[in-house]
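Student: Chain A is already provided as a structure; the job is to place chain B on it using the hints.
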Amino acid sequence: MTTPAALPAPPAAIAARGLSRAFGTLVAVDAVDLTVGAGAILGLLGPDGAGKSTVLRMLATVLRPTGGDADVLGASVLTGQDHIRPRLGYMPQHFCLYPDLTVDENVEFFATVRGIDRPERRRRRDDLLGRMGMAGVGRRRAGRLSGGMKQKLMLAVTLLTQPALLLLDEPTTGVDPVSRREFWSILRDLHDGGTTIVVATPYMDEAERCTDLAFLDAGRITRTGTPAEITAAVPGVLVEIAADSARDVVADARGRPHVVSAHVLGDLARVVWDGDPTPAVVATELGVPTGSVRAATMDMETAFTVLAERGDR
Amino acid sequence: MIASGPAAPATSVSVRGLTKSFGHVTAVRGIDLEVRAGEIFGFLGPNGSGKTTTIRMLTGALRPTSGSVEVLGTDVVRHPDRIRCRIGYMSQRFSLFEDLTVDENLRFYGGVYGLDAATFAERREYILRMAGLTDRVGELARNLSVGWRQRLALGTASIHRPELLFLDEPTSGVDPVARRRFWDLLTDLSEGGVTLFVTTHYMEEAINCTRLAFMNRGRVIADGSPREIRDSLAEPGGPAPSLEEAFVALTTRTGRR
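Chains as they are written, first to last, in numbering that gives the first Met the number 0: chain A, 0 to 312; chain B, 0 to 256.
Next comes chain A alone, as it looks inside the complex (with noise of 0.2 Å):
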């Protein structure tokens, strides 16, 4: 490290300067280099196998990086394990709770194995429940709770330690939309309260709602970016047609030379336009009538789409 250690400037909650892994000959994560300023919420993207989880995993001090190092908060992932851990709350992807114990069993068997008081650990239990509205369902097996409700009781339990950093590891796949939201709300309030949230996700709305982004593919970082960076980052416009067969239109659309990318959302085909055509143009090129489309913004979706297929994400 060069930087004058003068003033305390508010730190990056993460540095990572060639952070790699390798397992035998596979290289999951190749040189990364990461910021996430404090009080971020950085959405971690990327095709499945590019390396999201083990990065999470490297951050979280749970898996000894091959080479390069990180900072997080404040130290080094290689030596500085005692001082990260306790102020961090890492949810790993896959349900990891006791399902035969209670709800409130589970909250309180984590908070005793952290070290938390009786009376402290019934009030940060009763706080947590409350906030993800799971106060009712105390006395309820965690096994046979509902997907969303899982995932919101896997949260409650990272969060006993108040972390100051939170790594997220797809706490939201096979969640349905209402409680993804709620998921969501709890992380704003989180990030009001000033916790720097770095999540793993494969829902595009979900990376519109973080502060910064990371595309991640084959292990190296391919672009970095507030969210609207991200969107402005994709050539041309996109339009959208409102046909009887969007796919049709899509099928003639996919192979013309200014095509960037077409698809079929319901009843309209969703195009991106190289260059910046007004929907007329767009019309008479497509032999549609003009009144059917019409420029639309652009969406995370199509982003990642577009830039994933330029392999370029």
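Please keep in mind that the hints were generated in silico from the structure rather than gathered at the bench. Among these hints, one or two may not hold up.
Just so you have them, the derived chain A footprint on chain B, three or more residues with Cβ under 8 Å [what the hints assert, rightly or not]:
#: 1; region: 176-183
#: 2; region: 245-254
Over the 10 Å line for every Cβ pair with chain A, so calculated as not near, a few chain B residues [what the hints assert, rightly or not]:
#: 3; residue: G16
#: 4; residue: H23
#: 5; residue: A36
#: 6; residue: A60
#: 7; residue: R83
#: 8; residue: D98
#: 9; residue: G131
#: 10; residue: N207
#: 11; residue: R226
#: 12; residue: L232
#: 13; residue: A233
#: 14; residue: L242
Glycine included, C-beta positions come from ideal geometry on N, C-alpha and C.
Tutor: Same frame as chain A, but now just chain B:
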């Protein structure tokens, strides 16, 4: 009951008063469903609303507490075995053998459905091409990325050319590019005449279904085309909500479990 004649029925799934209780918990409460041949039928609802239980009854894996289930013209409650070779099922957890190669997985499922050598060879070729796995026949399933595994699982679920394919959250946790590719494959299957019955939590997938049924707390509380469902929830004179907003409104209106 309508006796099914020799002609192929235009209805793929017909369910009346279907109910399933586990002890004193009633997971499915007297639902009616009608899926027409050739549809891409989207079955939506929050976690724990009874979708998977319903699918397990439709496939003959679980016996209903009461009600009738007719699939492809067969009474599934009485003859669960008669439809097994005519339907396919792809579950949330891909039913692949991790320690077998791509080829061995296909061979296994070809054997389960009793395909003869010529049919198997033809189906194997088709699936490898469809899934883009031609160059990976010797790889272990567990070494494939989730997108490949998902397409292989779709292949094994449809190796016997089912007339009706059940897909239970087939794209959960898959990135947007892989999801779009997967849906291109589903649309191809649909155009080839396969009826699809699919559950998903992704509204951008649900909107590509021809018809939707929405389930909450064991009951079907809305059904129709995506457009009809959205329109039915619009404020008088206001714009139709997005499908996600419709999902949230329907769930909150009928209460959470």
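Student: With reference to the structure, classify each hint as holding or not holding.
Tutor: Hint-by-hint comparison with the structure:
Counting residues of the region 176-183 of chain B whose CB falls under 8 Å from any CB of chain A gives 3; the rule of at least 3 is met. Coverage of a stretch by a chain is defined here by at least three residues with a beta carbon nearer than 8 Å to that chain's beta carbons; for the region 245-254 of chain B and chain A the count is 4, and the condition holds. In this structure B/G16 is separated from chain A by more than 10 Å, as the shortest Cβ-Cβ distance comes to about 25 Å. Look at B/H23: its CB is around 13 Å from the nearest CB on chain A, clear of 10 Å, so calling it non-interface holds up.
At roughly 19 Å, the least C-beta separation between B/A36 and chain A is larger than 10 Å, which holds for a residue marked as non-interface. No Cβ of chain A approaches the Cβ of B/A60 within 10 Å, the least distance being about 20 Å, so the stated non-interface status holds. Even its closest Cβ contact with chain A, about 27 Å, leaves B/R83 beyond 10 Å, as expected for a residue assigned away from the interface. Non-interface call for B/D98 relative to chain A: holds, since the shortest CB-CB distance, roughly 18 Å, exceeds 10 Å.
B/G131, annotated as away from the interface, keeps every beta carbon of chain A farther than 10 Å; the closest lies near 14 Å. Interface exclusion of B/N207 from chain A breaks down, the closest Cβ pair being 6 Å apart, not more than 10 Å. Non-interface status of B/R226 relative to chain A is broken: a Cβ of that chain comes within 10 Å, the nearest being about 7 Å off. For B/L232, the shortest C-beta to C-beta distance to chain A comes to about 14 Å, beyond the 10 Å cut-off, and the non-interface label holds.
The claim that B/A233 is not at the interface with chain A holds, since no C-beta of that chain comes within 10 Å of its own (minimum 16 Å). With a cut of 10 Å on Cβ distances, B/L242 falls inside the contact zone with chain A, its closest approach being about 8 Å.
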